[in-house]
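Visitor: Chain by chain, the residues:
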Amino acid sequence: MKEAVLVAGVGKRFGAVQALQEINFAVGEGELFGFIGADGAGKTTLFRILVTLLLPDKGRAELLGLDVVRFYRDLRHRIGYMPGKFSLYPDLSVEENLRFFSSVFGTTIEKNYELIRDIYSQLEPFKKRRAGKLSGGMKQKLALSCALVHRPEVLFLDEPTTGVDAVSRQEFWLMLRRLREQGMTTLVSTPYMDEAVLCDRIAFMQEGKILAIDTPSGITALFPKQLFAIRATQTGKLLSALRASPHAASVYAFGSVLHYTDNRPFVNPDELLATLQTEGFTDLSVTVIQPGIEDTFISLMEEKQGSAHE
Amino acid sequence: MSELVIHTDKLTKRFGDFVAVDALSLSVSGGEIFGFLGANGAGKSTAIKMLTGLLAPTSGKATVAGFDLYTGAEGIKRNIGYMSQRFSLYDDLTVRENIRFFAGIYGLSNQAIKEKSRHLIEMLKLVSVADARLASLPLGWKQKLAFSVAILHEPKIVFLDEPTGGVDPVTRRRFWDMIYEASGRGLTIFVTTHYMDEAEYCDRLCIMVDGRVAALDRPEAMKQHYGAGSMNEVFIQLARPGRTE
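Protein sequence lines, in the order shown, are assigned to chains A and B.
FYI, the numbering used here numbers position 58 of the first sequence as 40, with every residue one higher than the one before it.
FYI, the numbering used here numbers position 202 of the second sequence as 186, with every residue one higher than the one before it.
None of these hints come from the bench; they were simulated from the model.
Here a beta-carbon is modelled for each residue, glycine too, at the ideal position from N, C-alpha and C.
Hints may be right or wrong, so weigh each one.
To be verified - Once the Cα atoms are required to be at most 16 Å apart in a straight line, the calculated EDC-like pairs of lysine to aspartate or glutamate come out as:
1) A:K(-16) to A:E44
2) A:K219 to B:D187
3) A:K110 to A:D73
4) B:K126 to B:E99
5) A:K219 to A:E284
6) B:K126 to A:D21
7) B:K33 to B:E58
8) A:K219 to B:E58
9) A:K191 to A:D73
10) A:K219 to B:E106
11) A:K207 to A:E261
12) A:K191 to A:E284
As the list claims (entries may be wrong) - Calculated from the model, a selection of chain A residues having no Cβ within reach of chain B, i.e. all distances over 10 Å:
13) D49
14) Y54
15) R55
16) F108
17) R151
18) R162
19) G165
20) P173
21) M175
22) T197
23) G200
24) P228
25) A231
26) D265
27) I271
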């Protein structure tokens, strides 16, 4: 696979804050690559370096075989960028925004309409509406259209779904999948773990570092323990009881169930069930489950924090 | 359950021809964790602005923390707490200054502020960083502090508006531990979130669609009613009926 993005040893510091340290990764052409991490993990800084808006302190980054520092002028025509903050003109209409961005890139809406048709057609009924008056989901669609209007070769989307409701998030990811089918290389960041499974590969970011890079199934294979899903009517009481157990390695709520790992190498779920029953829980269920992306992220975070405290 | 901390009857807000909140009727009891969900533009923010006394309703009735929405807006503001991810504390103030500032706004006396600050700083184990600027603290600590500050004046109810956006999964769950604990002490929690797993942590949920209540029930009952395995499925079914992709 040919590489569309290549990053080697990139670091960036803002005063006392080391925003990025020793970042290394490559993204293949046509890949949908996700960066998962909380606020402050370094996702935005990394994206700003890649889209030629910020200089790295060290290391180098190439897009489409071109160095991002030396060839920033050429690259700016060939990449699309949707920043985390809504940055279209609120006083221009939907259509005016799109026309403005296409003229900046020396093209027209009509020329590349094919690429944005899917997305923009949902906005066309509102094309005379001012961008500032759109709902969150529609703003996001307009911003994506504007980032695509010059048919970029690599697309950067910085937290496109933050603060957007679950339904609009789902729709947005369907659009990204369709762009991928058309061969678009996309780098997207998100704080939502459930979106990670929709990427070809993901990088977990925490405190300026990449904790792991792999396919979603490769990532979950990193989970080091047996994972149990435990359910009872009184979730709160169950949580306290499990946390008080001397064998508990981790206990986290996942919706209506608790995800539990034990500090013994192997535990029979029936044994766990029996122990909890002696503590007065009657309507219990204990099952061994496959870990998800969020389980793995938590486990990698704990591992790192554990080693940092030693 | 104990007394009703929020009670609304056909609460409505119009902006011109647009009905942002359409006959909202709900009750929230003392100590309850009440989740308020909806797609962007469904009317959540407008409803919260009314319930916190920031926006006058067009029609309908409501009491919050024992005060009438029309005549007691100032009483409401003094008896509720509010926190959101977007606006909570000041990064350029120290921990101690933030506490003093917000306690002052909520009208606590200097003596009470002093005592409460000391107690809070000790309880949250922030003694060593009490005079450090907030910007230098990890997000998880800031969040704990923001929540504690929002309830420092011992309100009956706290409104949490997307309190966990952009937070890592461990911090997010620790935050919910704090919510449970506060609810156990009798504080009523009114919370909005876009994380559907968090919806499951609530005692009851209200899902708003186009300004109206589309569903109001316990999460388990809602899942059962819609034949769904998770709240995410329920939400997607309700929030965009007729749209299947």
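Visitor: None of the hints should be skipped; say for each whether it holds.
Guide: Hint-by-hint comparison with the structure:
1. Annotation: proposed proximity of A:K(-16) to A:E44 holds, straight-line Cα distance about 13 Å (limit 16 Å).
2. Restraint check: the Cα-Cα separation between A:K219 and B:D187 comes to about 14 Å, which is no more than 16 Å; the hinted pair holds.
3. The straight-line distance between the Cα atoms of A:K110 and A:D73 is roughly 11 Å, inside the 16 Å bound, and the hint therefore holds.
4. Distance restraint check for B:K126 and B:E99: the Cα-Cα separation of roughly 20 Å exceeds the 16 Å cut-off, and the hinted pair is therefore not satisfied.
5. Simply put, A:K219 and A:E284 have alpha-carbon atoms about 24 Å apart, too far for the 16 Å limit, and the pair is violated.
6. In summary, the hint linking B:K126 to A:D21 is supported, as the alpha carbons are separated by about 13 Å, within the 16 Å threshold.
7. Under the criterion of a C-alpha separation no larger than 16 Å, the hint pairing B:K33 with B:E58 is consistent with the structure, at around 13 Å.
8. Using a Cα cut-off of 16 Å, the hinted pair A:K219 and B:E58 is violated, with the two alpha carbons roughly 38 Å apart.
9. In summary, the hint linking A:K191 to A:D73 is not supported, as the alpha carbons are separated by about 39 Å, beyond the 16 Å threshold.
10. With a CA separation close to 27 Å, the supplied pair A:K219 and B:E106 exceeds the 16 Å bound.
11. Distance check on the hinted pair: A:K207 and A:E261 sit about 25 Å apart at the alpha-carbon level, beyond 16 Å; violated.
12. Only pairs whose Cα atoms come within 16 Å are accepted, and A:K191 paired with A:E284 is accepted, the gap being roughly 14 Å.
13. The beta carbon of A:D49 is kept farther than 10 Å from every beta carbon of chain B, the shortest such distance being approximately 32 Å.
14. The claim that A:Y54 is not at the interface with chain B holds, since no C-beta of that chain comes within 10 Å of its own (minimum 29 Å).
15. Remark: the non-interface label on A:R55 is consistent with the geometry, its nearest Cβ contact in chain B lying 33 Å away (cut-off 10 Å).
16. A cut-off of 10 Å between C-beta atoms confirms that A:F108 is not in contact with chain B; the least separation is 13 Å.
17. Some Cβ of chain B comes within 10 Å of the Cβ of A:R151; the nearest lies about 8 Å off, and the non-interface call is violated.
18. Non-interface status of A:R162 relative to chain B is upheld: no Cβ of that chain comes within 10 Å, the nearest being about 16 Å off.
19. With 10 Å as the threshold on Cβ separation, the claim that A:G165 sits away from chain B holds: the shortest Cβ distance comes to roughly 22 Å.
20. A beta-carbon of chain B is positioned within 10 Å of the beta-carbon of A:P173; the least distance is around 5 Å.
21. The Cβ of A:M175 sits about 6 Å from the closest Cβ of chain B, inside the 10 Å cut-off, so the non-interface label is violated.
22. The Cβ of A:T197 sits about 20 Å from the closest Cβ of chain B, beyond the 10 Å cut-off, so the non-interface label holds.
23. The claim that A:G200 lies off the interface holds: its Cβ sits roughly 19 Å from the closest Cβ of chain B, which is beyond the 10 Å cut-off.
24. Listed as outside the interface, A:P228 is consistent with that label: its C-beta sits roughly 20 Å from the nearest C-beta of chain B, beyond the 10 Å cut-off.
25. Taking the minimum C-beta to C-beta distance to chain B, about 14 Å, the non-interface status of A:A231 holds against the 10 Å cut.
26. Every Cβ of chain B is farther than 10 Å from the Cβ of A:D265; the closest lies at roughly 12 Å, confirming the non-interface assignment.
27. In this structure A:I271 is separated from chain B by more than 10 Å, as the shortest Cβ-Cβ distance comes to about 14 Å.
The structure does not agree with the numbered hints 4, 5, 8, 9, 10, 11, 17, 20, 21 stated previously, though it agrees with the rest.
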